[in-house]
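J.: Residue numbers (full-length UniProt numbering), protein chains in the order written: chain A, 1 to 496; chain B, 1 to 496; chain C, 1 to 496; chain D, 1 to 496.
Treat the hints as calculated values from the structure; they're not laboratory data.
There may be inaccurate statements among the hints.
Copies of the same chain look alike in the list, so a pair counts if it works inside one copy or between any two.
[Claimed, not checked] Pairs of lysine-lysine, DSBU-like flavour, derived with a Cα cap of 30 Å:
(1) K401 <-> K17
(2) K403 <-> K172
(3) K403 <-> K17
(4) K403 <-> K173
(5) K404 <-> K415
(6) K121 <-> K209
(7) K56 <-> K173
(8) K173 <-> K121
Protein chains: 4
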Amino acid sequence: MAIKTGEEYLDFLRETKPNVYMLGEKVENIWDDPRFESTMKIVSQNHDFAFEAANKDVAAVQSPLVNEPIRRLSTHLQTTMEDSLLKLDLTRDIANRRFCAWCGSNIQTLLWAVTWETDQKHGTKYHENMKRFVELMQKNDWDSSLGKMDAKGDRSVRPSKQQNYPGVRVVKKDAKGITVSGCKVHTSYGPCTPIISVMPCRAMTEEDKDFAVAFWARTDTPGITMIAKPSPNMEHIDMPMQCPMSSAFGIVEGATFFEDVFIPWDQVLLCGEWDMAALFPYYFGTIQRQSKCSCLAGHSDLVAGIAALVADVNGVLNKSHIQDKLTHCMQMAEIAQGCAFGAAAAGKMHPSGVFMPDSLKANAGLNYIKELTGEHIQMLHDIGGGIIVTMPTARDYQNPKLKKLLDVTLAGNQKYTTEERMRALYLCRELSSTEFTGYYMGWGVNASGSPHTGHILVRSHYDLEYRIGIAKEWAGIGESSEWPGHNKGAKDWAGN
Amino acid sequence: MAIKTGEEYLDFLRETKPNVYMLGEKVENIWDDPRFESTMKIVSQNHDFAFEAANKDVAAVQSPLVNEPIRRLSTHLQTTMEDSLLKLDLTRDIANRRFCAWCGSNIQTLLWAVTWETDQKHGTKYHENMKRFVELMQKNDWDSSLGKMDAKGDRSVRPSKQQNYPGVRVVKKDAKGITVSGCKVHTSYGPCTPIISVMPCRAMTEEDKDFAVAFWARTDTPGITMIAKPSPNMEHIDMPMQCPMSSAFGIVEGATFFEDVFIPWDQVLLCGEWDMAALFPYYFGTIQRQSKCSCLAGHSDLVAGIAALVADVNGVLNKSHIQDKLTHCMQMAEIAQGCAFGAAAAGKMHPSGVFMPDSLKANAGLNYIKELTGEHIQMLHDIGGGIIVTMPTARDYQNPKLKKLLDVTLAGNQKYTTEERMRALYLCRELSSTEFTGYYMGWGVNASGSPHTGHILVRSHYDLEYRIGIAKEWAGIGESSEWPGHNKGAKDWAGN
Amino acid sequence: MAIKTGEEYLDFLRETKPNVYMLGEKVENIWDDPRFESTMKIVSQNHDFAFEAANKDVAAVQSPLVNEPIRRLSTHLQTTMEDSLLKLDLTRDIANRRFCAWCGSNIQTLLWAVTWETDQKHGTKYHENMKRFVELMQKNDWDSSLGKMDAKGDRSVRPSKQQNYPGVRVVKKDAKGITVSGCKVHTSYGPCTPIISVMPCRAMTEEDKDFAVAFWARTDTPGITMIAKPSPNMEHIDMPMQCPMSSAFGIVEGATFFEDVFIPWDQVLLCGEWDMAALFPYYFGTIQRQSKCSCLAGHSDLVAGIAALVADVNGVLNKSHIQDKLTHCMQMAEIAQGCAFGAAAAGKMHPSGVFMPDSLKANAGLNYIKELTGEHIQMLHDIGGGIIVTMPTARDYQNPKLKKLLDVTLAGNQKYTTEERMRALYLCRELSSTEFTGYYMGWGVNASGSPHTGHILVRSHYDLEYRIGIAKEWAGIGESSEWPGHNKGAKDWAGN
Amino acid sequence: MAIKTGEEYLDFLRETKPNVYMLGEKVENIWDDPRFESTMKIVSQNHDFAFEAANKDVAAVQSPLVNEPIRRLSTHLQTTMEDSLLKLDLTRDIANRRFCAWCGSNIQTLLWAVTWETDQKHGTKYHENMKRFVELMQKNDWDSSLGKMDAKGDRSVRPSKQQNYPGVRVVKKDAKGITVSGCKVHTSYGPCTPIISVMPCRAMTEEDKDFAVAFWARTDTPGITMIAKPSPNMEHIDMPMQCPMSSAFGIVEGATFFEDVFIPWDQVLLCGEWDMAALFPYYFGTIQRQSKCSCLAGHSDLVAGIAALVADVNGVLNKSHIQDKLTHCMQMAEIAQGCAFGAAAAGKMHPSGVFMPDSLKANAGLNYIKELTGEHIQMLHDIGGGIIVTMPTARDYQNPKLKKLLDVTLAGNQKYTTEERMRALYLCRELSSTEFTGYYMGWGVNASGSPHTGHILVRSHYDLEYRIGIAKEWAGIGESSEWPGHNKGAKDWAGN
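Modelling step: build the complete structure from the supplied sequences, incorporating the hints.
T.: And the structure:
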């Protein structure tokens, strides 16, 4: 079986020797460095998860490519509506239970589609490279980090017009491969992955063609440097009672620098076909944003659960204003997940054999939930109360004299011990009032594209002209028909 | 073929002689009364529609029961996810093009399911009656109005505890049938339908069992009286330029009174099985609210189209604040439709053979869009401008002297004639500033159940306990597990 | 005493013979025409009001100009903060009690200030004309309608660049006066006022100087034609039970056309001083929008009262979700009124002797409440229920047979008779579901300027540079100081 | 002169020896402990501030009690509307420039009023004690922390009914004074103040009378223990570039425990007069919430400035969607400040000689802005971009090799150096994505009372009955009058 257990995977990772910096200093041995331990926890759990009785039928799936079970969320190509629905359910639940569900499968799927289209149009062989990449990923049960967003310099100027555009570009090509330089930001988990997948983040013009490049690489390829940002609340993970989430798992973030990195041709997925560059963010904005709806639905579930728990330890769970706020949170989750499912139901097969959801519904749903991220934080403060900001630390509670004072003082609903109430308050606090809040907000507001990007996508994909036409018919402007819209072709019915 | 053309259907309707009052006086001959003409337009178009080249493949569907094509939205039983998706697409588009898409199919489907369950539990024969009813509806291509909402008297008191509960109840039973009395409100289109389907609107206790009654009846059954409310803007439909929607179709609303009405047993669908009463509003709250999402998505499309048209005639379509407002409107439509599709994708087969959508997603999506109905009106005023309220009437424009003044004065974007601009403004005005606005709001806010009802449903169906459990595991409260939610059964994955 | 009773004022109005059209036909005798009766009710009540014991001390005020009591809201110049606060309180209360509080005083005040500034800059004598106008208004207790908004043609093109700009402009000047032509739209109440005050609605350039014109005129001046739009729900005012507001008072709207109208010099308030044109909308956007905050606060009070009443007749006033919605409505009122008061408290004396509120607070508060107008309508539907759209008409209730049915059927909370419940529902319906709704929305959303205009004003008046400077100091960008903002001059403290 | 410079004040503080714990250990010498240094910065600046040329005329005010200049925001009794307006302006500006404006004056003012009322009703002498307290505060230029919120135990049970109610209560009384025990939470700045003012936080019944106690005490009175929570981001203040706010000032929070603390009678301000207890939170909910409006207006200004700066360094300040978001933020500030000013304008003199704002407007405005706190955080993420979460640390930037990479990579708008862009991003990050965010949210959402408390206050103070009466008159229900509301007494006009 191709799937590695968490332990097997961590063993495998030790073979990778990435060049990583943290807090200004080179990391000597990342796999034994305690600052990466919490991130490795979540990395390895993503493997173990496929072995658990409760979910193995969903989390693992038989791959037709390698003819073995593989992990559905990490390396699988999405090929049917049912597959998509299973992924969305799984994503929501893991996002609730473990914050991050891993979404590598989306990246595989979109690269599969774009390389296919590129080959069709340009007669290239990128899709074969992609197929080989997928087989390697699946056989070896690798994970890949994502190098998509270029550092952008002056946003109002095209890459080719900037003197020092900092994004990734081809600096040399020869018979064996290409050489690339430049920087990709937001490479989440990067230092703890063996592979990085690099792709364009925007539409290009012919002048920008050097920046129209996609490939995969081992993270320890010579010339790659990662600056890793410490996982949130790392300074406090010795107080797990106070930092229950950060002590359970970590998210090392970072930026990845390429300095004359050589990539052999069989790892190249695009090189110079500038007219295809826009397809990467387009399909990303479809399949990844659908998936993000479920991720944020799971986060809404997380907030609903924490808010309800903290209301209960405070003794106010049954108050009508609390119930109303919780209901609002439940609705956020169901609307986001509803739109994700709806995007699947309105999806279509891509000629390359993968299943693509409906971009309009995925983006509308994601815009909805993204813009409510701040409300989640607001709700946790509103229901948690001022105490989540002012309460003594877990270390105070370890001092027996102070513990005695606090046990009386911070008692709440008698169903719970004071310690249990404090634990619930600390959990609420961690999500709403610490460095972790920044990650929560970042993953809600900007991950998978900013809200404004989503608005642009909806605006450009919605058929407004058709609706203006109907309005004209209602108003009696222009050529009339028996009733509005009656000339609409039959082909439109099924497909929207 | 079972489907009647609009003309055939209107001919058929003439055989029905309902007892109808309007504006305090008995309506002598409804089918020749001009006050019902606009309503009959929409009624007949719902039939014609199935013959149009553009949509006949979707609007008409082969019935396995009668083995003939029938109208999908009116008399068809929904039996697959695909069927549901086709209905939702059709509903949205017709709601955009013709305001009301007709949703009789939902009522048939829910009665099918509830009568089946009742027979299973109580050993009754209602489902056979239902089957016969469906066959009659399909063979004859009838439409039915809906008598669901009881007049409720004092809402804080159960039916059986009120001295004069005004809802429908059984007053007599004998070998041949039952005799019912009482009132159902909100019987939209009632006077222009040959059939009315009556069902309970709330959960009942044993004491309320006389009110636990469902049946169908011809609308001209002795003892039935309808008070019809004139269709909106009826006074102005001689100025179609000013009332483009009301002059194109009408919506007679009304209340239906039963005074000792005899219903033969083979038309009875529930009689006294009080424990089943709650299922009617429950399944209504599932399938009808899913459908309502699409109806209101279509209305959002309508508003987007009108707002864009009026912005264009005003010469401001490209302003960024206008584009933002239009985008917001597009998103409303896509989110509502996304949730409707999502509810289908998460739906399940009912053992009676019909397909039931997911109640949670349908309700969350509907609550979302319902609560934005006022924003639609706001947007039309905001984009239309003060002129939609203060502009001269269409009759002024018929006066040549005034027309000359107005042609100069009300000119706008040069792409359009002044008359075209006025037509667009009148359309915007009719939807946002007339009696029609009341219908628009009513269909948005309260039709298919008030927003509060939807909130209650979400609150009661969402599995909050599961999420509190996950929060407890994060916080370290109670029995711990390796990681949150890990005991969740595999069965939950697929079904949410 | 200068103040006329309502009856005296109506007698006086008979002397005016304006040239008015309605529904395409010339109105022969406006003062005896029943279609203007409801509008004259509100016009005359504005006079009577100053005589009522309850409010005469506020509604009437001693004028230093004419040394007699005059009506505070109609003809008074606002000269102190206290005066402003009294006006705002009165405006809110009358808007609640009588929908429209009349705001002529604001127009007088702004014309006073602008003519003063024009004379200072240009050495003209407009302020003397203005003073004479105010004295005439006060001595005769006249009301004036407002001709501010030009018909604008193609909004993207300046007046002088349009071939047929339809706004008002000077077409001739001679020793005796000026001759003007063009159209002003939105002249509310116009046909029922003896005077119209005309002013520019936008900034002008030198090329536009012919359009930079302000003056006052009798409404029956030769060459003036008004197209009057019937007051809302006029067709139904024979059913006052169903139309309680429209039958109590009316709002004739209209457009006013000037065709070579001669205006003597002593009635001219601006003629060609194009650089002053922008001051008219600027001061209007200050004093009138402050006043509009109170007007809409009063409308929020009206909605709160109606919603509470209808919740009570429905028997659900004490439900928590109803209480929450009502509280939201109360807050809207208090926030709008709070900002109006705040704008007064932050106001300043204009050198011409009138008191000007703070533009930023007035506009921020007005933007807030304007954008909630649709929510008012939403709330009335939400709390009123579907019945406000579907219920039988008042004429049905006059039929004894139907009355008997309805008395049972529409009974609600036992505190009220069925007729009382119906009256409350009809009131809720009229505000939310009829042509009156259009007026409600129009007065909320666009009257005194569209929301977008208000946003522009806030954006352009708020001192963002100062706050960016503080952010820079926090960030340590640029010249540092001991702590952010510390170089800010003392002069700013008091004035904001 | 009574006002101490910051340095003088810190010298004075050294005389106080409070019993303080932090992170589970006793703090040996708080005044030399680096963990309190940042908090002492803000404490001392509040003194220095009154000496700065720019604002001394506002920040300092002559006290009629001690006949010397005192600090307006800290120890002054508010006695006029003008005084209130000056405070609000100052509060907003300092909240923008220095995050916390100090609001001790409000506490002094409310205690002044309540002790006066208590003496009037109960013949007690608390007001004399209060006068002495104010004189001491003013003469010595002390600051006081606030002990208002009891730890509450089970919120659904009254204090007297709980076995171990943890709030502060009188445990003994004798001729010399009273002895108190129990805990007050949320004592912001407590360990760094010489004085604490203690008062009830809720209405009481006769059984609760032991909890109806108010007094002041030196913070080093025997029996008082404070658990201090470290100021936010304290672990990182050695990276001031990354933590510009936390390194500039701190906010030690904490809980204060009273264990048999003796308070002499002349420091007692309430003892057992349970019927007066509700007045403390009532007047707090009036004057403190008005002040909080300005505090949060200043925070909105802060967010507007930071968001604008970060948009500028990112090169997108002029994009329309950015401008719209900034305008929304400006409006938040102006609405909150507008309502604060409005509450002053509608305020009244209290018979004790202090000036009390209007509670309804203060609360409505505060509820408005409180509920937008999460939107502030959302906006900073939206405009800042994902980079604020993923960007390398300030320590990476200190490594010359990495600095070289980052200088190219993180360059943005060419107006700024890369370091300047990074500084702006770090500022945005600190406010939105760190432990500081928790304080920001806590001060926005819960400080001065939770949003729900504010809603309750609005609901209970708004005269809904009057508006229901007007609705009844419109509807024609009950006794009619010529027009709605006409029986309202004249006394109501001026006062709202």
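J.: Does each hint fit the structure? Answer for all of them.
T.: To see whether the hints hold, each was checked on the structure:
1. K401 <-> K17: between (48 Å within a copy, 20 Å between copies)
2. K403 <-> K172: Cα proximity of K403 and K172: across copies only (26 Å, versus 65 Å in one copy).
3. K403 <-> K17: So K403 and K17 pass the 30 Å test across copies only (23 Å; inside, 46 Å).
4. K403 <-> K173: Classified as between: cross-chain Cα gap 29 Å, same-chain 67 Å, threshold 30 Å.
5. K404 <-> K415: within (19 Å within a copy, 56 Å between copies)
6. K121 <-> K209: Only inside one copy: K121 and K209 sit 16 Å apart there, 60 Å across copies, limit 30 Å.
7. K56 <-> K173: Neither way: K56 and K173 sit 44 Å apart in one copy and 57 Å across, limit 30 Å.
8. K173 <-> K121: within (21 Å within a copy, 71 Å between copies)
Violation of the numbered hints given earlier is confined to hint 7; every other hint is satisfied by the structure.
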